Structures are given as C-alpha cells and as structure tokens.
Amino acid sequence: MEIVVDENNLKAAGAQPLEDGRCGLRINEWEIESRKRSILNSSSLLEWEQKLGTSHMPEMIFGNSSLILKHLSTGTVIHFNAFDALSGWKKEALPPVEVPAAAKWKFRSKPFQQVILDYDYTFTTPYCGSGTIETHPEPEIGGVPKETDSLHWEDCKEEIDLVALTVKEPILFYDEVILYEDELADNGVSLLTVKVRVMPSCWFLLLRFWLRVDGVLMRLRDTRIHCVFRDNESPIILRETCWREGSFDALSSKGYPSDAASYNDPSIVGQRLPVVMRKTQKLVLPGHP
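Going letter by letter, the sequence shown gives residues 47 to 335 in this note's numbering.
One thing to keep in mind: the hints can contain errors.
[To be verified] Cross-link-like lysine to aspartate or glutamate pairs, in silico, EDC-like; alpha carbons within 20 Å at most: (1) 136 / 164; (2) 300 / 286; (3) 136 / 228; (4) 97 / 138; (5) 137 / 166; (6) 137 / 164; (7) 82 / 228.
No lab work stands behind these hints, which were simulated from the structure alone. Note that the structure is a prediction, hence the values are computed from the model and not measured.
Could you build the full structure based on these sequences and the hints that come with them?
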C-alpha cells in the first residue's frame, strides 16, 4: 500500500527521517530502516549454497534486503534477513509435501532427467527474526550474515492488543520487504515477507511465511511484534508467533472452495486454517527487568 507521510505529523511525533538516503526514521530511541535490494547474483548464490550446505534454493532470494530496528540506548537490534530464514529452513528440514502431480515435480530441474524430491522444496521456515545486542558496528546484512538470536525473549500470557492497533493514528513510516519467493514450478507459491508500520505511539511488524501448494496444502506462519513507546520507561515489546496449516481437502469438506484461485489472499485464508501452534513472548531489554 502507498503511504504519504505528512511532515507535520513527523515533527509532532518527534520523528526524523534517516539521513544519507536511507529509508526509514528515528523515533523514541528507535532507528527503523528498511533495505530493498535486487536478487542475489550467481556468485553470491553459490556462496550461500556453500554456507548453508545445500544446492536447493528459492527462485528469488533478496539476500541484501532487510528490515532493521535498533534501540539506540540499549544497543538492542531486531533484524530480518533471508539468510537466517533459510538457515531455519535447513535446520527444520521438514519432509517434502506430497503432490498428486508428482511426475511433473520430478522433472522440475531438468527436462527428461528425473529429480527425486528428498528435501523441503517449499522452503518453510520457523524463522521469527534475528537479534543482537550491539556493542560494535551493526550486524552484517549484506553478503552472508551470521545467524544469531542473542536477545532475551520470555514466554508470557500477555497478548498483542490488536484492537488498539485499529485506533486511527497517523502512519509515520510503512514498508514491505520481500526476503525470498518461489512459485513452486507454477504449482503454488512460497513467500517470505516482512512489513512494518510506525505510528506516534508504537511500531508494529508482521513477518509472514505463506505457502500454497495447489490442490494439496496451505501453510501460514506469522510472527507479529508490537512495541509500545513509554515516556521515561522501557518500551513494552511483545512477539506473537502463530502457525496455521490445512489441506485443500479439509477446507473443501467444510464447504470452502477447492480451487487454488480462491486462495490468493493469505489474510483471508488464515481465518480458515486451524492453528498448529501459538505463543507470545516479551522482550527483556538489557538493564531492564
């Protein structure tokens, strides 16, 4: 969606755009920046394959794209990038989804040469973001960044107040960053994106892995993070992870359409898929109990 930011709203919120042509802003001790770059070139792709120990990669990897949220006073950095996400895919190593048109899939790489699908070709990832406590220059995002999650997330019973997020507030910054995408040989979609929006009272982001294997399966893994600004106090940062999954047959048995064309919007699909796992965590900032 296109967001037109009013400079008066920025000033009223005490926010400032980032310098040097960077995309983002600084507000309430947070520096929020999105970086959207082109897909990996062949040499970088080879380097990633060697680091990850695989020759299987999504069709489009935006390896130098990222979203970075930095809390300046504590050095806390929450960031999102494709390499860490694919590291999660490789470690989880789900079994490949069985598809009816198996013969088509076996000829995916080279015509007339059979390829046995013995890996998770959907690139499903349990990735919920990366984190560091910065005491030196910011974590490398371009090239091959080092996967890390040194932040202290605690399980909690609190929930993100989604109703409060519907209260009309000016949007000071909004962006969506694609991390990787694959069309599954024209048999569906596998897509990992992260969106962020910043308001005078908070920032909110959604990291979403969306999978549709046509006629077989849909999978939605969402991570929402909400940070509420507080004057002279540590911000409240909650992370909710929700995984949903269901088959086309199961949805059809409940009276929903069975054709893939009816399932292009993951936000609508998510309301129909059963929950596999859900949890909420709170981020404990350094020096704050």
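Taking the hints in turn, this is what the structure says about them:
no.	hint	verdict
1	136 / 164	holds, 13 Å
2	300 / 286	violated, 28 Å
3	136 / 228	holds, 16 Å
4	97 / 138	holds, 16 Å
5	137 / 166	holds, 11 Å
6	137 / 164	holds, 15 Å
7	82 / 228	holds, 18 Å
The structure fails hint 2 only (numbered hints given earlier).
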